[in-house]
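Make the full structure from the sequences, and use the hints.
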Amino acid sequence: MSERPERFIIDGKRLDGRSFDELRPIKIELSPLDRADGSCYLEWGRNKVMAAVYGPRELHPRHRQNMTRAVMQFRYNMASFSVDDRIRPGHNRRSIEISKVSREAFEPVVFTKFFPKTAIDVFVEVLRADAGTRTAGINAASLALADAGIPMRSLVSACAVGKVDGEIVLDLMKEEDNYGEADVPVAMTVGEEITLLQMDGHLTPKEFYKALELAKSGCRQVYGLQRQALVEKYNKDYSVDEDDARSDAGGDSDE
Amino acid sequence: MGKTIVVPGDILSDNIKMSGSGTYVRDGEVCAAVYGILNAGDRYISVIPLAGKYIPHANDRVIGIVTEVAYSNWIVDINAPYEGVLHISQYPQRIDVENMSRYLKVGDCILTMVKDVDAGMRVELSFRDRENRRLDDGRIITIDPTKMPRVIGRSGSMIRLLKNEIGCGMFVGQNGRIWINGNDDRIDLAIQTVKYIEDYAHTPGLTERVQAFLKAKQKTRYGRTHESAESAEHVESAENTEGTDEVRNGNE
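Respectively, the protein sequence lines represent chains D and R. Per my numbering, the first sequence runs over residues 1 to 255. Per my numbering, the second sequence runs over residues 1 to 252.
It is possible that some hints are incorrect.
Stated by the list, open to error - Here are some, though not all, of the chain D residues that point toward chain R, as calculated from beta-carbon distances under 10 Å:
#1 K27
#2 I28
#3 G38
#4 E58
#5 V109
#6 T118
#7 A119
#8 A146
#9 P151
#10 K233
To be verified - Simulated pairs of lysine to aspartate or glutamate, DMTMM-like, Cα-Cα distance not exceeding 25 Å:
#11 R:K147 x D:E58
#12 R:K195 x D:E107
#13 D:K27 x R:D10
#14 D:K113 x R:E29
#15 R:K3 x D:E232
#16 D:K113 x R:E83
#17 R:K105 x D:E58
#18 D:K236 x R:E29
#19 D:K216 x D:E43
#20 D:K236 x R:E198
#21 R:K147 x D:D34
#22 D:K113 x R:D60
#23 R:K3 x D:E29
#24 D:K113 x R:D77
#25 R:K195 x D:E181
#26 D:K216 x R:D27
#27 D:K216 x R:E29
#28 R:K215 x D:D237
#29 R:K147 x D:D237
#30 D:K113 x R:D116
#31 R:K3 x R:D60
#32 R:K3 x D:D237
#33 R:K147 x D:E29
#34 D:K236 x R:E208
#35 R:K147 x D:E232
#36 R:K217 x D:D237
#37 D:K113 x R:D118
#38 D:K113 x R:D144
#39 D:K216 x D:E58
#40 D:K27 x D:E175
Treat the hints as calculated values from the structure; they're not laboratory data. Cβ atoms here follow ideal geometry from the backbone N, Cα and C, with glycine treated the same way.
In structure tokens:
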């Protein structure tokens with residue numbers, strides 16, 4: 001476990017050199033898993049998460065089926081090696097809570113009505129944790145759901161804000177999260193409808209509204225990256241070289 | 001003509017009458033509901049999904065596998081989140097409940113049609129049509145159901161191409177299962193071609209690509225025969241020549 005740093009902000013910069021409204025670098029890889037219907041691997045700073053989506057598929061046990069809509073199941077899990085001290089594998093109080101709030105971040109967005117009696121299963125595995133794993137998990141899960149072809153009202157983008165040294169800052173890293181004054185994860189749709197909002201620590205109402213605005217700007221940035229990843233995936237999968245592109249001007253018979 | 005990729009939530013139009021499949025209406029605007037390719041027509045805007053599960057609809061022709069013989073029903077896996085139910089009365093002849101597995105047993109593959117899907121997603125299958133039957137030979141492969149229209153082609157043009165060029169029997173079920181019949185070489189080639197179509201499903205000029213792919217495949221086969229004939233083993237080269245001849249005959 002790292003020591004508490006004396007100061008979080010030195011010369012207007014944060015510990016890792018970021019400004020107050022700067023995200024950590026994000027790397028997205030779509031469909032890394034063959035057996036899943038949709039999947040996404042996401043690196044966010046030093047976080048590494050893998051999301052897999054299965055479904056819509058038959059839900060067992062049967063009594064849990066809903067006759068009018070699909071049931072969403074979300075499992076957030078941290079690998080035992082994801083943090084410095086090994087954590088006991090399996091569900092704990094924290095992971096159960098995160099699974100629940102993450103599921104609720106997607107339930108209003110997914111068109112569950114299209115698939116009565118089925119289950120849509122989302123698995124988020126945290127391989128390396130460095131603050132903000134639930135938001136990273138939601139971002140990855142959102143892409144994995146899109147990758148699985150599941151109809152949704154919008155992608156969901158998530159980002160955290162917090163308070164360190166009396167300043168509102170975007171996207172906390174580990175030391176800021178552990179020793180900061182507040183942590184506010186936010187998830188929202190493109191239409192800026194918030195589907196997840198939690199707060200740990202203390203903020204004045206004024207600070208809170210400032211934090212929320214900052215979080216929204218972070219989510220918009222994340223959304224841009226998510227969208228870009230999906231578009232690039234298509235271009236990578238179906239890249240057509242120049243010659244082919246020209247020859248099809250005449251023969252578009254299969255469209 | 002580049003294809004436009006849309007992601008869920010993208011605004012596509014402000015005319016809500018244009019809302020087609022893969023879209024929904026939010027605040028008087030048509031938005032994309034799935035990740036896919038934008039298909040903007042004159043009257044409708046739709047999104048062609050790039051992935052997804054097969055959801056059964058009435059009159060779909062599907063390939064199923066019997067998973068259970070229940071009392072007066074066969075339970076059939078139709079590659080969907082829902083199981084298909086084939087009632088004994090749907091069988092073209094009268095069967096006693098005790099003898100059901102004499103006609104269709106667990107593991108049998110059948111070519112069947114979705115008769116009806118009710119609100120509770122109970123999928124009733126029909127086995128009455130002339131074309132409905134048990135599949136006793138050939139092979140079945142499964143591909144992504146969203147790519148099925150590409151394998152079928154416009155009013156069946158792609159299937160016709162494959163059947164003619166390869167010289168095999170083929171039935172494409174709407175649930176992503178394809179039944180291919182013929183000798184082993186041709187089935188192998190047909191499977192490779194279908195996989196190729198699946199990989200390049202959303203590229204323009206697919207028909208030409210597939211034709212070129214088949215031509216190249218046949219050429220390499222011919223070349224390989226020559227090599228092996230030169231190198232050694234009599235038996236093997238004889239076999240190979242035979243195989244090549246067959247393929248060539250199929251094309252004529």
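Okay, the hints, checked on the actual structure:
1. K27: This interface hint is violated because 18 Å lies over the 10 Å limit.
2. I28: Hint violated; I28 (chain D) Cβ to chain R Cβ min 13 Å, cut 10 Å.
3. G38: holds (7 Å)
4. E58: holds (5 Å)
5. V109: holds (8 Å)
6. T118: holds (4 Å)
7. A119: holds (8 Å)
8. A146: holds (4 Å)
9. P151: Status holds, d = 4 Å.
10. K233: holds (9 Å)
11. R:K147 x D:E58: Cα-Cα ~22 Å, so holds.
12. R:K195 x D:E107: violated (35 Å)
13. D:K27 x R:D10: holds (22 Å)
14. D:K113 x R:E29: holds (20 Å)
15. R:K3 x D:E232: Holds, at roughly 12 Å.
16. D:K113 x R:E83: holds (18 Å)
17. R:K105 x D:E58: holds (23 Å)
18. D:K236 x R:E29: Violated, at roughly 30 Å.
19. D:K216 x D:E43: holds (20 Å)
20. D:K236 x R:E198: Between K236 (chain D) and E198 (chain R) the Cα gap is close to 15 Å, so the pair holds against 25 Å.
21. R:K147 x D:D34: With Cα atoms ~17 Å apart, K147 (chain R) and D34 (chain D) stay inside 25 Å; holds.
22. D:K113 x R:D60: The given pair, whose Cα atoms are some 21 Å apart, holds under the 25 Å limit.
23. R:K3 x D:E29: holds (22 Å)
24. D:K113 x R:D77: Given that 25 Å is the threshold and the Cα spacing comes to 23 Å, the pair holds.
25. R:K195 x D:E181: Violated: K195 (chain R) and E181 (chain D) sit about 55 Å apart, past 25 Å.
26. D:K216 x R:D27: It holds: about 21 Å lies between the C-alpha atoms, which stays within 25 Å.
27. D:K216 x R:E29: holds (23 Å)
28. R:K215 x D:D237: Holds, at about 23 Å.
29. R:K147 x D:D237: At roughly 14 Å apart (the allowed maximum being 25 Å), D237 (chain D) and K147 (chain R) satisfy the hint.
30. D:K113 x R:D116: Given that 25 Å is the threshold and the Cα spacing comes to 19 Å, the pair holds.
31. R:K3 x R:D60: At roughly 29 Å apart (the allowed maximum being 25 Å), D60 (chain R) and K3 (chain R) break the hint.
32. R:K3 x D:D237: With a Cα-Cα distance of about 13 Å, the restraint between K3 (chain R) and D237 (chain D) holds, given a limit of 25 Å.
33. R:K147 x D:E29: Holds, at about 23 Å.
34. D:K236 x R:E208: holds (21 Å)
35. R:K147 x D:E232: Measuring from Cα to Cα gives roughly 20 Å; hence the hint holds.
36. R:K217 x D:D237: holds (22 Å)
37. D:K113 x R:D118: holds (14 Å)
38. D:K113 x R:D144: Measuring from Cα to Cα gives roughly 22 Å; hence the hint holds.
39. D:K216 x D:E58: Given that 25 Å is the threshold and the Cα spacing comes to 36 Å, the pair is violated.
40. D:K27 x D:E175: Holds, at about 21 Å.
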